[in-house]
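Asker: One-letter residues, chain by chain:
Number of protein chains: 2
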Amino acid sequence: MTAKREKLFLITNDDGIHARGLEALIEMVQPYGKVMVIAPEDGQSGMSHAITVKYPIRLKELEKQKNLEVYSSNGTPVDCVKLALSKLCDRKPDMILAGINHGSNSSSSIIYSGTMAAAMEGCINGIPSIGFSLLDYSPEANFRSIVKYAKIILESALEKGIPLDTCLNVNFPVNTYKKIKGIRICRQNKGVWKEEFEQRLDPMQRDYFWLTGEFMNLEPKAQDTDEWALHHNYISIVPVHVDLTAYRAMDQLRKWTIESG
Amino acid sequence: MTAKREKLFLITNDDGIHARGLEALIEMVQPYGKVMVIAPEDGQSGMSHAITVKYPIRLKELEKQKNLEVYSSNGTPVDCVKLALSKLCDRKPDMILAGINHGSNSSSSIIYSGTMAAAMEGCINGIPSIGFSLLDYSPEANFRSIVKYAKIILESALEKGIPLDTCLNVNFPVNTYKKIKGIRICRQNKGVWKEEFEQRLDPMQRDYFWLTGEFMNLEPKAQDTDEWALHHNYISIVPVHVDLTAYRAMDQLRKWTIESG
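First to last, the sequence lines map onto chains A and B. Counting from 1, position 39 in the first sequence corresponds to residue 39 in our numbering; the numbering is continuous, with no gaps. Counting from 1, position 261 in the second sequence corresponds to residue 261 in our numbering; the numbering is continuous, with no gaps.
So that you can see chain A by itself, here it is in the shape it has in the complex (with noise of 0.2 Å):
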């Protein structure tokens, strides 16, 4: 009889080592097995898949104990993924988790996450991960209130297994616990964010720009959409994959008759 190796889970975020969201999800992680954190030592949302090329790296330990290590590190949500599979996991984590990420990852605002690309960049290393986002970005966000629902998929996701070669992108509407519907298996909706920068003048009479926007959705009418079960109160998980080839556009191309050689 041997005895049966506990689990690691590898917890990363894109709002930083200090958020709440990323606190709850620690916490409930914490009774699978051994947890290492490791996380942006500040905010980097809207960081993506970026890689740190140009500057060195910090990592800095902040906790260590035998079920759990918490490192935070300058880098990106990708370069934390990279630098703990690299330098500061004994083996391959059984699973990759992202968030409780502050605000929605749903739609085309999934290729904009810094929380998303993790779960990703796990995924292309063959590891299952969940990335997992609560639509309300106040700052008395309620994590503890989708807790249960996150465990059940956490749970089935350990049982049944993430399909091979992607990850999942989990959101939870803005709700107490109460006035959540479900969870819905969805695609991802089309949508789009119209930007307007905000123009200012800075003190030497120059000009600068904020970035800001507003998300349209292309398809309110679809059903089968994580943005319409998130306006619809149900929780929302839209299996993603790191294959970008558009399959069905290869034939058409075809079609361009530039093939040669």
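What the hints contain is simulated information worked out from the structure, not anything from laboratory work. Treat the hints with care, as some may be off.
Where chains are identical, the list cannot tell them apart; a pair therefore holds if satisfied intra-copy or between any two copies.
[As the list claims (entries may be wrong)] With a straight-line cut-off of 30 Å between C-alpha atoms, the simulated DSS-like cross-links for lysine-lysine are: (1) Lys64 to Lys194; (2) Lys194 to Lys87; (3) Lys194 to Lys60; (4) Lys255 to Lys190; (5) Lys54 to Lys87; (6) Lys255 to Lys148; (7) Lys64 to Lys87; (8) Lys194 to Lys4; (9) Lys4 to Lys87; (10) Lys66 to Lys148; (11) Lys190 to Lys87; (12) Lys92 to Lys194; (13) Lys194 to Lys7; (14) Lys4 to Lys148; (15) Lys194 to Lys66; (16) Lys190 to Lys7; (17) Lys255 to Lys4; (18) Lys92 to Lys7.
Owing to the predicted nature of the structure, the values given are computational and were not obtained by experimental measurement.
Mind docking chain B on chain A? Use the hints.
Answerer: Structure of chain B alone, referenced to chain A:
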């Protein structure tokens, strides 16, 4: 009889405004219409789809002629596209072109690329977009040798149209023009960067890390991938979309039977 409006091309990259690959692309596109260039003032390789939300964005006008406007910005490649669409272009560009990138954006490298992120941002905004990359990092990289092929691709895209909701990831093999065997429509190769952080001590005896890595092709025998094409001296074209949904995984997730409500 109405005069045909001149086409407007938006050009950017992630190697920065002074990159030779950008210069080659501008020169190539000018005969086709009006050219608007906005590129990062400094290199932004590996910035992926990052956007700048924590710092103000600056914009510098470098050149303003009737058919060529050139700007630089302290923002990321995606910031550049957003700035152009929101502040610089008097109409929606007919096409967004990114590159010519110094180095490969094939296989999973597409995920980290600022150049391909700019093309994908065009795609999100419904604008036909192409990213061009040359697999040559050397300062002597011969961009002009590939322009003949880039023009064939550009002219086909203008004439026949890029498939809806996709953009093109075009990579050129490291080669003098004579050795290129042809053009192939490919799918994205499955691969992963194996990281080896180089650990050093700063003058204060504190650790710091440099990200380095080696690309591992996880399906070296597949002949329909961009990696295969490039290693056999073909130009690769991968149609890319921004819908990351792993549709085939949806049924498998439904077997978890956690859907409810």
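Asker: Okay, which hints does this one fail, numbers in order?
Answerer: Those not satisfied: there are none.
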